[in-house]
Amino acid sequence: MIAIIANNLAPIMFVSVMAMLLLGYPVAFTLAAGGLLFFVIGVEVAHIAPEQITLFWPLLQANPERVFGVMSNDTLLAIPFFTFMGIILERSRMAEDLLDTIGQLFGPVRGGLAFAVIVVGALLAATTGVVAASVIAMGLISLPIMMRYGYDSRVATGTIAAAGSLAQIIPPSLVLIVMADQLGRSVGDMYVGAVVPGLLLVGLYCLYVLAITMLRPKAVPALPAAARTLGGGITSLIVILAAAVLLYLCCYNYVFFELRYETRLVWSATVATVAAYGVSLANRSFKLGLLSRLAEQVVIVLIPPLALIFLVLGTIFLGIATPTEGGAMGATGALALALAKRRLNLNTLKQALDSTTKLAAFVMFILIGARVFGLTFYGVNGNVWIENLLLGLPGGEYGFLFVVTVIVFILGCFLDFFEIAFILVPLLAPVAEKLGIDLIWFGIILGINLQASFLTPPFGFALFYLRSIAPSAEWYDKVSGRHLPAVRTMEIYRGAVPFIAIQVLMIAIVVAFPITVTHYKSGQSNINPADIKIELPTEGGGAGAGPNFSTPAGPNFGTSGGGSAPAGPNFGTGEQTAPPGPNFGAGAAQTPGPNFATPPAQ
Amino acid sequence: MQFLLRISGAIDKFTTFLGRSVTWLILVAVLVSATNAAMRKAFDLSSNAWLELQWYLYGAAFMLAAAYTLQRNEHVRIDILTHRLSKRTRDWIDLFGHVCLLSPFVFLMAYLSWPFFLRSFRSGEMSTNAGGLILWPAKGLIFLGFAVLCVQAISEIIKRILVLRGVIRDDTPEHPLPPAVEDMEDAEITGRPFGPNGGAAQ
Chain V
1 MIAIIANNLA PIMFVSVMAM LLLGYPVAFT LAAGGLLFFV IGVEVAHIAP EQITLFWPLL
61 QANPERVFGV MSNDTLLAIP FFTFMGIILE RSRMAEDLLD TIGQLFGPVR GGLAFAVIVV
121 GALLAATTGV VAASVIAMGL ISLPIMMRYG YDSRVATGTI AAAGSLAQII PPSLVLIVMA
181 DQLGRSVGDM YVGAVVPGLL LVGLYCLYVL AITMLRPKAV PALPAAARTL GGGITSLIVI
241 LAAAVLLYLC CYNYVFFELR YETRLVWSAT VATVAAYGVS LANRSFKLGL LSRLAEQVVI
301 VLIPPLALIF LVLGTIFLGI ATPTEGGAMG ATGALALALA KRRLNLNTLK QALDSTTKLA
361 AFVMFILIGA RVFGLTFYGV NGNVWIENLL LGLPGGEYGF LFVVTVIVFI LGCFLDFFEI
421 AFILVPLLAP VAEKLGIDLI WFGIILGINL QASFLTPPFG FALFYLRSIA PSAEWYDKVS
481 GRHLPAVRTM EIYRGAVPFI AIQVLMIAIV VAFPITVTHY KSGQSNINPA DIKIELPTEG
541 GGAGAGPNFS TPAGPNFGTS GGGSAPAGPN FGTGEQTAPP GPNFGAGAAQ TPGPNFATPP
601 AQ
Chain D
1 MQFLLRISGA IDKFTTFLGR SVTWLILVAV LVSATNAAMR KAFDLSSNAW LELQWYLYGA
61 AFMLAAAYTL QRNEHVRIDI LTHRLSKRTR DWIDLFGHVC LLSPFVFLMA YLSWPFFLRS
121 FRSGEMSTNA GGLILWPAKG LIFLGFAVLC VQAISEIIKR ILVLRGVIRD DTPEHPLPPA
181 VEDMEDAEIT GRPFGPNGGA AQ
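Residue numbers (the numbering used here), protein chains in the order written: chain V, 1 to 602; chain D, 1 to 202.
I should point out that these hints are in silico values taken from the structure, not numbers from a laboratory.
A virtual CB, placed ideally from N, CA and C, is assigned to each residue, including glycine.
Be aware that a few hints might be false.
[Said to hold, decoys possible] Chain V is faced by these chain D residues, among others (derived, beta-carbon under 8 angstroms): (1) Leu31; (2) Asp91; (3) Ile93; (4) Met109.
[What the hints assert, rightly or not] When the alpha-carbon atoms are kept at most 27 angstroms apart in a straight line, the in silico DSS-like pairs for lysine-lysine are as follows: (5) Lys521/V / Lys41/D; (6) Lys350/V / Lys13/D; (7) Lys87/D / Lys13/D; (8) Lys341/V / Lys287/V; (9) Lys478/V / Lys218/V; (10) Lys434/V / Lys521/V.
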């Protein structure tokens, strides 16, 4: 009997500790205690199965060193930075301002509010990695308006939850940081790899809403004229955007031409952005009447988040800052923004720091628990057991990916992503590597999968957040003077289903076309740009961008203004976002961005 | 009984104070990191000491706030099965967890990390990076963090026993929703009830 236990200690340990977790005691301590318990058992029975178990008492002393390893990990520093940034931004009500304005901009179109929610979700996702903040803000602002004007509540709630969950996959997201750390890859590469899948996902969401506008127009009506308080004036918006782009090009080619390309980009973008922002502000304060109110408002509202996105992602992609520093700069920027909007006081700051620290403590302690668990698990050859189990799967690489995807998807319905990332991913990574799977690609697949876990009933966090703020009883709407029905939990669940399907589709796309992710390598090696020209299933047509996929490094973010918020499914094509990264020869020609064909002046 | 209650109260006060104080270190870490990045890019000024200071601060924050987090009941649980159980059963599970899972772990870690710290302290160990900081304070933080957790474990055990015996009311916050949501509800929802004035179209 004991011999059987000794020889199968790894599976026994794994199953028992998972069962212990279901007790509902904090994960961090349960994992650690489970690890220690089996350490003792392992040492006691080690003599029976010496070829299986390599545990002995002095090994216990490795634990403080392992905690120290967790502590001195530079990558994980990004977690509190991005969390703090997210909470501060939430307090600064940036999401509300964005939704109000972009909702007005897209309102006249059928399904416009849904598009606005997706675009704002993507913008928020690109500034922070906090799902709760996005879902709650959008649920509070957009849900009542959508219901007032007769949106189908399933479409409305599904769109809001899915758009909010984008924060999980669009960089800078916490999932990607944790994934990079656990897979032993650089966060920067992970971010670059996530850009195309993230944008494709946004495109697919938009396509879905577009399909609804055609198939069930009544589910997504346009806003009536009375609801558009900002009035029209699209032309003047286009004019100011064109002017900004022109200014950027002038600066780039004539004013800053002797600078290094990064600095050149940054300065040109800054000048154009500040100019557009300045004109709008001046227009507002002196009532110059140069711009329509709509254009003025759109520019004023869009520039701060775009500047933040640039501050974080732009600096990371340009290699100016590490992801951790990007997080710190983003957090500082968010603080400045909140201060400027007078939405920051000592109390909110304290609250934000408090929430951040508690989140950091529980995340880091799960990791510490997982490390203590791991010490024993590796000592009983658990990694070998898992490896044999997974390597024995039929279908090789794809069989492995399929099984892992299914397992993670199911676990994702019940667990939160930190647990999956810290417990499961370190076990899977060596197997994936042995099968020759690119770990960044693998990480992104898992990332999209974990994003879906935010949407899967009954424990999807995004649904949870939405439920907490959606009206659960009939409510009186003052604006329309009508009583509107409650949103039933079942409607929230059913609304999420199409988006879960999109998520699965997206996993399939990334698996079928690894180039959507692996183009990150082009930053390191000299791949012929022609090789990058893969026929991607980009939607919205007009994807003649060709080799444009390389690294949509955000240099253009500052100037593009409303340009990165196209009305419709065009988002996915990557055209508006940015010119390709600095590494390419051709490619950039048709974008308004700088032409990299000539080597940058050093 | 009163004596135990006083001990537990004193411990909670101490860990709350400690936890809330170290949250500021996160803000310092943010500013240090941002300044360091900006200085490096602008003036080519950077040193490993600044880089290491960042994780020192973060380490101090999460190690010393772990006990506070435990006291506020914010270490995540997988309670998909147990959240339907009665409050009393869950209290028993918690007591079991505090005694059999939490305590062995934190006491053992405190016991192990003391010599770990001492070795580093006696040898005056420095970071291997050029211009890095001394290492023993960081290693000392590991001991301190687990020591505070030990103390908090005692307080939690006392509270759970007293709650189960009906001596005190349970004022540990429960989290039917993830913590972040609740925080936001305070700020957002109470200020703006759903419907009436919410929304863009006034």
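Structure-based check of each hint:
The beta carbon of Leu31/D comes within 7 angstroms of a beta carbon in chain V, closer than 8 angstroms, and the hint placing it at the interface holds. Hint status for Asp91/D: violated, given a least beta-carbon distance of 12 angstroms to chain V, over 8 angstroms. Given the 8 angstroms rule on beta carbons, the hint for Ile93/D holds: about 6 angstroms separates it from the nearest Cβ of chain V. The closest approach between the C-beta of Met109/D and any C-beta of chain V is roughly 6 angstroms, which is under the 8 angstroms cut-off, so the hint is satisfied.
For the hint linking Lys521/V to Lys41/D, the alpha-carbon distance of about 25 angstroms falls within 27 angstroms, and the restraint holds. A threshold of 27 angstroms between alpha carbons decides the hint, and for Lys350/V with Lys13/D the separation of about 18 angstroms falls inside it, so the pair holds. Straight-line distance between C-alpha atoms of Lys87/D and Lys13/D comes to about 25 angstroms, which keeps the hinted pair within the 27 angstroms bound. A threshold of 27 angstroms between alpha carbons decides the hint, and for Lys341/V with Lys287/V the separation of about 21 angstroms falls inside it, so the pair holds.
Distance restraint check for Lys478/V and Lys218/V: the Cα-Cα separation of roughly 23 angstroms lies within the 27 angstroms cut-off, and the hinted pair is therefore satisfied. For the given pair, Lys434/V sits about 19 angstroms from Lys521/V by alpha-carbon distance, which is consistent with the 27 angstroms threshold.
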